[in-house]
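Each chain is listed here by its residues.
There are 2 protein chains.
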Amino acid sequence: MERSIGIGLLGAGTVGGTLVSRLIGDADAIAAKTGLTFDVRKVGVRDLAKERPFPVTDGLLTDRLREVIDDPGVELVVELMGGLDPAGDLVLAALEAGKPVVSANKELIAARGPELIAAAERSGVPFLFEAAVGGGIPIIRPLSETLAGETIDRVIGIVNGTTNFILTEMSENATSYEAALEAATELGYAESDPTADVSGADAAAKAAILASLAFGTWVGVEDVFCEGIEAVSAADVAFAAEFGYAVKLLAVCERTDAGVSTRVHPAMVPLEHPLASIRGATNAIFIEGPAIESLLFAGPGAGGGPTATAVLGDMIDAARETLAGAQVAPRIRFSPGELVDFTEVFTEWYMRLVVDDKPGVLAKIAGGFGDAGVSIKSVWQEGVNTEATLIVVTHLATERSQREALRSLHAIDEVIEVGSVIRVLGDGP
Amino acid sequence: MERSIGIGLLGAGTVGGTLVSRLIGDADAIAAKTGLTFDVRKVGVRDLAKERPFPVTDGLLTDRLREVIDDPGVELVVELMGGLDPAGDLVLAALEAGKPVVSANKELIAARGPELIAAAERSGVPFLFEAAVGGGIPIIRPLSETLAGETIDRVIGIVNGTTNFILTEMSENATSYEAALEAATELGYAESDPTADVSGADAAAKAAILASLAFGTWVGVEDVFCEGIEAVSAADVAFAAEFGYAVKLLAVCERTDAGVSTRVHPAMVPLEHPLASIRGATNAIFIEGPAIESLLFAGPGAGGGPTATAVLGDMIDAARETLAGAQVAPRIRFSPGELVDFTEVFTEWYMRLVVDDKPGVLAKIAGGFGDAGVSIKSVWQEGVNTEATLIVVTHLATERSQREALRSLHAIDEVIEVGSVIRVLGDGP
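Just so you know, the sequences run in chain order C and P. Taking this note's numbering, the leading residue of the first sequence gets 1, the next gets one more, and so forth. Taking this note's numbering, the leading residue of the second sequence gets 1, the next gets one more, and so forth.
Same shape as in the complex, but just chain C (with noise of 0.2 angstroms):
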């Protein structure tokens, strides 16, 4: 028996446009393998003048967004705006007036998380998310519902496709990290503003979503430390493929007995490490746990056929649930939990650095790091003179102890330049 269900659709850009254009064209494979239908009813819009990718029916569009939630024919609302605002009252509106709601806006969840989750907690009605992360690879299901019995230690992603493709053309192609970044806008992987993704600030919004999976303790964005690919060298992206890494933005979350940890930044990963081998604009995300000890997820992490499927999963998921007709429980709960400052979380560095090569020079750094607490695992150096480059890899330490071990090295005259600092990433806690 087919049941066909009322869809209101905030947003029709490129993952709206191409949600409705495959609920049409797909509607009868949709049909036979789930038994619903799924009736596009209205679709809010901030342009109406604007052309679409589907047929647009009197009636349809409307830029009174709050309408869209007001339907009476509008039993499931698809958020597809983007932003705080105004899509984090209308989703809450939806909630609270008992529609369930499916949302692939990372910035919002990461934002509003908790208060939206427990509108919808209240309400009975599910909230799903999936392409929030990782676009059209399942990752939120999987780790909310799947691995709910596992106690996680770490997540490690790679969920920004533009500086993945960029550090891998830098990689590969030798090429600088402006050069990179045009290649990536020529090819519209990046924004006319890369800035939410080379900054980091992206991937900070989706590694505070799974970390708060992964771990039950709800992380905000304001708790994840985050640094971007802005200062990643040509240079650092050759000596890591020297010394056996590649550079990568990472999310890493992580819990301890001390409590969560979750940061973005460069990381020098190593080459045998599945995470060194996921190139150009392809997303990971490899979850470390007791039981499963590691698994890997990959695919591709943007674009609008790939979120569109992953909505349109939430889509017959939540629509499965509302049309039985039940109160669902949320599928996590959140207990309130430690974080950890990030000064007091374990990190190794590699850092590149311009001496004048005089006789001591090494003494004197060796010195800085070991009154700092930080013991060196490897020192290499290249040329000689005021151009000597000293790679030094230290072993794990406290982020605060690195932090005064660097500044110990602006104290040495020999030290011509600190060229840069990556993280490494090591086996975790």
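To be clear, the hints were calculated from the coordinates, so they are not data collected in a lab. No experiment lies behind these values; they were computed from the predicted model shown. Where hints are given, some of them may not hold.
Covered stretches of chain C (in silico footprint by chain P; criterion: 3 or more residues with CB under 8 angstroms from a CB of chain P, positions within the stretch not fixed) [to be verified]: (1) 97–106; (2) 188–196; (3) 284–292; (4) 296–306; (5) 330–338.
Restraint ranges, calculated between C-beta atoms of paired labels, are given here [said to hold, decoys possible]: (6) Glu121/P - Leu48/C: 54 to 64 angstroms; (7) Gly13/C - Gly426/P: 31 to 41 angstroms; (8) Ala174/C - Glu242/P: 22 to 32 angstroms; (9) Glu293/C - Glu121/P: 32 to 42 angstroms; (10) Ile24/C - Asp427/P: 25 to 35 angstroms.
Glycine included, C-beta positions come from ideal geometry on N, C-alpha and C.
Assemble the complex: chain C is given as a structure, and chain P must be docked to it using the hints.
Okay, now just chain P, sitting in the frame of chain C:
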């Protein structure tokens, strides 16, 4: 608020024992994350006297298996016995009694899936089997829920850890099949009777389940073409590496306009394909679709810990729906669809021949292929005279044609031996 749910367990071997220990040891963590506590009320076992890795309270164990289902305190049945009998009738009885069932039994689901899923639908209770394929890798839920809106073209899996361990050993340590099998047995990867693994039967049951969920058309295990790895030689594995391939036992589920085909056989996987680098006992599943392009899932495919995690995830999900008191619709519906006979499927073949290298032999061989309608992609010869090894790789042709070409070889006097035939993983439909 915490809700308690009474569990009846059928089978307490490796997975069952691990599961009960986890339910006790991780009870607080599970309750915090899900709001659920699991109370194991009855455990059905064959041998009451056997030692268990969990505290056995009075009346917990029974060897009258039906008691587990009939116990009024049992709200959810977990079947971890394996095999068709008596597991099948017990699962059916539980579903008919309106009790949700979680099972890890690939053999049972491949053999009686439609019947059991129909019984679950009649009773409006969940019947979940995430652990049946890929052990700890979340694959059943992603395939049947997250990707329900995708028109999947192909699923390719390394779904048997024992055979992947053996093939990895043969490749990395240049050992014979027999020596690698012995190593697998010593390390506990292979059973004392490894027939189900090396014959491909275990992978065939999993392939049937994957194909059914991916395409929404039920594929029984009897519909799966199945060839094991017993005939793969060290020479083939070495030649594969030389030609840029890794030999893997693959489950290939494909949908074309002609219909669905499902098969298990050793395959030459191009080294640049993500499945080529899956080593040891790891499992991996690669999914192709028009919108998602390709997704890779990799992780531990067997073992008590990973499998218990998958079972626990299903239990949490089933409990959540059951406690909501809803009559839930099944997650996927199956429609009748065309199944393509394997002889009509297009494949590419690698063949290793030993020939007497006389003038004209290649022309005779090529003639046989041509008559069968198979065109040759590449030929490579090593050695001379009666010891010459000829490697032939064909272009895509139907299995029927490839087999006809193979038969023609036997009629050529100079062909001393057809050493082996391995299909090549191509670009798909």
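Hint check:
Counting residues of the stretch 97–106 of chain C whose C-beta sits closer than 8 angstroms to any C-beta of chain P gives 0, which falls short of three, so the coverage hint is violated. With a threshold of 8 angstroms between beta carbons, the proposed coverage of the stretch 188–196 of chain C by chain P is violated, since 0 of its residues qualify and at least three are required. Residues of the stretch 284–292 of chain C lying with their CB closer than 8 angstroms to a CB of chain P number 4, which satisfies the three-residue condition for coverage. Only residues whose beta carbon comes within less than 8 angstroms of a beta carbon in chain P count, and the stretch 296–306 of chain C has 7; three or more means the coverage holds.
Coverage of the stretch 330–338 of chain C by chain P holds [criterion: at least 3 residues with CB-CB distance below 8 angstroms; count 4]. As the Cβ distance of Glu121/P to Leu48/C is approximately 44 angstroms, the hint placing it in 54 to 64 angstroms is violated. Between Gly13/C and Gly426/P the CB atoms are about 36 angstroms apart, so this pair conforms to the stated range of 31 to 41 angstroms. Take Ala174/C and Glu242/P: their Cβ atoms lie about 30 angstroms apart, and the range 22 to 32 angstroms holds.
The given range of 32 to 42 angstroms is respected by Glu293/C and Glu121/P, whose C-beta atoms sit roughly 35 angstroms from each other. Checked against the hint of 25 to 35 angstroms, the C-beta distance between Ile24/C and Asp427/P comes to roughly 29 angstroms, which is consistent with it.
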